[in-house]
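Top line first, the protein sequences correspond to chains A and B.
Just so we're aligned: 468 in my numbering is position 468 of the first sequence, and the numbers increase by one with no gaps anywhere.
Convert by adding 469 to the 1-based position in the second sequence; the result is the number in my numbering.
Please keep in mind that the hints were generated in silico from the structure rather than gathered at the bench.
Worth double-checking, as some hints may not be accurate.
What the hints assert, rightly or not - So these bits of chain A aren't anywhere near chain B, every CB distance computed over 10 Å:
| hint | residue |
| --- | --- |
| 1 | 9 |
| 2 | 33 |
| 3 | 39 |
| 4 | 72 |
| 5 | 95 |
| 6 | 157 |
| 7 | 179 |
| 8 | 222 |
| 9 | 242 |
| 10 | 257 |
| 11 | 324 |
| 12 | 354 |
| 13 | 380 |
| 14 | 383 |
| 15 | 386 |
| 16 | 409 |
To be verified - What follows is a list of derived Cβ distance ranges for each label pair:
| hint | chain 1 | residue 1 | chain 2 | residue 2 | range |
| --- | --- | --- | --- | --- | --- |
| 17 | A | 169 | B | 471 | 49 to 55 Å |
| 18 | B | 473 | A | 179 | 27 to 33 Å |
| 19 | A | 383 | B | 477 | 51 to 57 Å |
| 20 | B | 472 | A | 157 | 40 to 46 Å |
| 21 | B | 487 | A | 78 | 32 to 38 Å |
| 22 | A | 84 | B | 471 | 29 to 35 Å |
The beta carbon of each residue, even a glycine, is placed where N, CA and C say it ideally should be.
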Amino acid sequence: MSNLFTAEQLIQFSYWITAILFIMGLKRMSSPVTARSGILWAGAGMVVATAVTFLTPGMGNFGLIALAILLGSVIAAWSGKRVAMTDMPQMIALYNGMGGGAAAAIAAVELYKLGDPAHAGATHDTAVLALAVIGGLIGAVSFSGSLIAFAKLQGLINKSLRFGGQQIVNLLLLAAAVVLGAMIAFGIDQSAATITTFFAIALVLGLTMTLPIGGADMPVVISLYNALTGLAVSFEGFVLGNSAMIIAGMVVGAAGTLLTQLMAKAMNRSLGNVLFSGFGDTGGEAQGTVTGAMKPIEASDVGVMMAFAQKVIVVPGYGMAVAQAQHKVWELCQLLIERGVTVKFAIHPVAGRMPGHMNVLLAEAGVPYDIIADLDEINAEFETCDVALIIGANDVVNPVARTDKSSPIYGMPILNADKSKNVIVVKRGKGAGFSGIENALFYLDNTRMLYADGQRAAIDLIGAVKAVG
Amino acid sequence: MEGMIALYIFMLAAFVGYEVIARVPVILHTPLMSGSNFVHGIVLVGAMVALGNATTTLEQVIGFAGVLLAAGNAVGGYVVTERMLEMFKSTGGGGKKGMH
Chain A
1 MSNLFTAEQL
11 IQFSYWITAI
21 LFIMGLKRMS
31 SPVTARSGIL
41 WAGAGMVVAT
51 AVTFLTPGMG
61 NFGLIALAIL
71 LGSVIAAWSG
81 KRVAMTDMPQ
91 MIALYNGMGG
101 GAAAAIAAVE
111 LYKLGDPAHA
121 GATHDTAVLA
131 LAVIGGLIGA
141 VSFSGSLIAF
151 AKLQGLINKS
161 LRFGGQQIVN
171 LLLLAAAVVL
181 GAMIAFGIDQ
191 SAATITTFFA
201 IALVLGLTMT
211 LPIGGADMPV
221 VISLYNALTG
231 LAVSFEGFVL
241 GNSAMIIAGM
251 VVGAAGTLLT
261 QLMAKAMNRS
271 LGNVLFSGFG
281 DTGGEAQGTV
291 TGAMKPIEAS
301 DVGVMMAFAQ
311 KVIVVPGYGM
321 AVAQAQHKVW
331 ELCQLLIERG
341 VTVKFAIHPV
351 AGRMPGHMNV
361 LLAEAGVPYD
371 IIADLDEINA
381 EFETCDVALI
391 IGANDVVNPV
401 ARTDKSSPIY
411 GMPILNADKS
421 KNVIVVKRGK
431 GAGFSGIENA
441 LFYLDNTRML
451 YADGQRAAID
461 LIGAVKAVG
Chain B
470 MEGMIALYIF
480 MLAAFVGYEV
490 IARVPVILHT
500 PLMSGSNFVH
510 GIVLVGAMVA
520 LGNATTTLEQ
530 VIGFAGVLLA
540 AGNAVGGYVV
550 TERMLEMFKS
560 TGGGGKKGMH
């Protein structure tokens with residue numbers, strides 16, 4: 001081997017294989033049928049790249065490298081295996097932040113070398129330094145910003161810190177970082193103090209950018225930081241002359257940007273809105289009077305209704321997952337399917353904490369993905385549906401989004417559950433929902449309220465359907 | 470690396486990233502974000518090179534932190550993505566043989 005290939009050639013060839021495995025892996029991950037194998041392909045690519053990197057000529061510190069990999073892997077594997085599916089969004093934020101931090105660390109090491117006599121003479125050209133600086137800035141912002149996103153979704157930070165002139169402060173911080181970065185890149189001032197100040201400002205910018213954003217908008221922010229980390233990795237790859245990093249980072253940067261747009265669209269928010277306004281957790285004021293009364297119903301009656309229905313559509317919300325009711329709900333649906341009832345799940349794009357999150361939670365309970373439909377597929381079907389079972393969802397089925405221009409949720413695409421022949425709403429009490437907006441659906445003539453905790457209601461309904469025989 | 474060639478690689482990789490996920494269904498948004506998060510864990514190889522060439526204590530400390538964070542990104546990203554995708558099954562193939 002050794003006389004056919006130099007170590008350098010072997011490394012470059014392996015990175016090329018890795019790039020192919022990553023792209024094929026991502027491609028496979030974009031279809032439910034092949035998704036599982038996609039992550040295996042990408043994983044294989046990562047193993048190949050990591051292994052050959054140990055052969056890089058002239059490298060030292062092997063003990064430190066092995067120790068750092070071991071520590072990082074053990075902590076991440078341990079935390080990743082035990083995190084609950086409901087907490088998945090913040091875990092992704094945390095791992096993403098780590099990647100951003102690593103990209104910033106690479107930039108820091110390369111930049112500090114400029115003032116280090118041991119590396120004197122090894123001057124980089126301006127383009128390389130500029131990309132090192134930009135990648136470092138983006139990576140550091142993504143690092144501290146992702147940590148804030150994690151802390152918010154984990155419930156460690158509850159308030160959204162806002163003060164007057166916040167945008168101006170952010171702009172000033174960005175300007176300061178750009179000026180310092182330019183001084184480093186053009187060789188005006190490459191002292192350790194300047195470099196340290198540059199990274200400190202970048203880290204603070206990540207904090208002040210993310211702190212004002214409300215919890216409901218956090219998924220879009222996490223996705224954005226994911227794309228930014230990809231860019232940072234790509235730029236640092238250019239600095240190191242590492243083709244695997246350049247390609248993989250840029251692929252993620254582009255895919256992540258598209259994904260961020262798709263998510264923002266699904267949530268009826270523009271990216272600018274998310275970053276520069278504070279809607280996310282303020283919600284609307286309770287307003288608009290709704291006439292009529294909420295009409296209660298017993299589980300036994302609902303059981304009969306569903307058992308003899310032709311088609312039942314379940315509309316789950318995050319409340320169902322919090323009550324850990326998805327397993328019981330699926331058990332109920334299986335009973336109905338055995339009786340010949342057509343059962344479907346209707347998922348609103350913002351069900352759960354980010355687009356697709358509810359699908360993961362249902363998949364965890366064993367619900368096959370082909371009976372789960374998204375908004376566009378299912379909305380026409382509500383008219384032919386005998387029973388719509390709303391469990392843990394509220395704003396996403398509120399018809400005022402279609403009709404009442406004064407409502408804060410006006411214009412948001414909703415699931416047209418109100419069009420079905422019977423609507424059963426499982427709800428713990430009579431209060432208004434998470435956003436404080438009255439739900440007109442609850443007062444319709446074809447709606448009945450089943451007052452119970454999600455878990456309790458599902459158990460009662462299973463009993464009721466079984467009692468029908 | 471030659472500057473212009475790198476520019477072409479940046480551009481082509483960006484198009485690939487865009488095209489590869491252009492028609493992804495909403496149900497896969499969360500796992501796909503997690504999967505792409507794993508892919509930028511490739512920063513690990515750069516962090517290894519940075520630490521491998523570090524000489525001063527400061528460089529070693531930052532390099533060590535970089536490798537540790539990058540390994541966390543790669544391994545954590547893989548574990549959670551795999552856990553999520555493992556659960557996606559269709560009506561046809563239940564159980565462990567469900568996916569292929």
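Okay, the hints, checked on the actual structure:
1. 9: 15 Å, holds
2. 33: 7 Å, violated
3. 39: With a cut-off of 10 Å, residue 39/A comes too close to chain B, as the shortest Cβ separation is near 5 Å.
4. 72: 3 Å, violated
5. 95: Given a closest Cβ separation of 4 Å, the condition is violated.
6. 157: The claim holds: residue 157/A sits with its nearest Cβ about 21 Å from chain B, beyond 10 Å.
7. 179: 23 Å, holds
8. 222: Answer for residue 222/A: violated, closest chain B Cβ roughly 7 Å.
9. 242: 6 Å, violated
10. 257: 8 Å, violated
11. 324: Holds, since 15 Å exceeds 10 Å.
12. 354: 6 Å, violated
13. 380: 17 Å, holds
14. 383: The assertion about residue 383/A holds, with a minimum of 22 Å to chain B.
15. 386: 21 Å, holds
16. 409: 19 Å, holds
17. 169/A - 471/B: 49 to 55 Å: 41 Å, violated
18. 473/B - 179/A: 27 to 33 Å: Between residue 473/B and residue 179/A, where Cβ atoms are some 28 Å apart, the hint holds.
19. 383/A - 477/B: 51 to 57 Å: Because 53 Å falls inside the window, the suggested range holds.
20. 472/B - 157/A: 40 to 46 Å: 43 Å, holds
21. 487/B - 78/A: 32 to 38 Å: Because 35 Å falls inside the window, the suggested range holds.
22. 84/A - 471/B: 29 to 35 Å: For residue 84/A and residue 471/B the Cβ distance comes to about 48 Å; the hint is violated.
When the structure is compared with the earlier hints, violations turn up for hints 2, 3, 4, 5, 8, 9, 10, 12, 17 and 22 and for no others.
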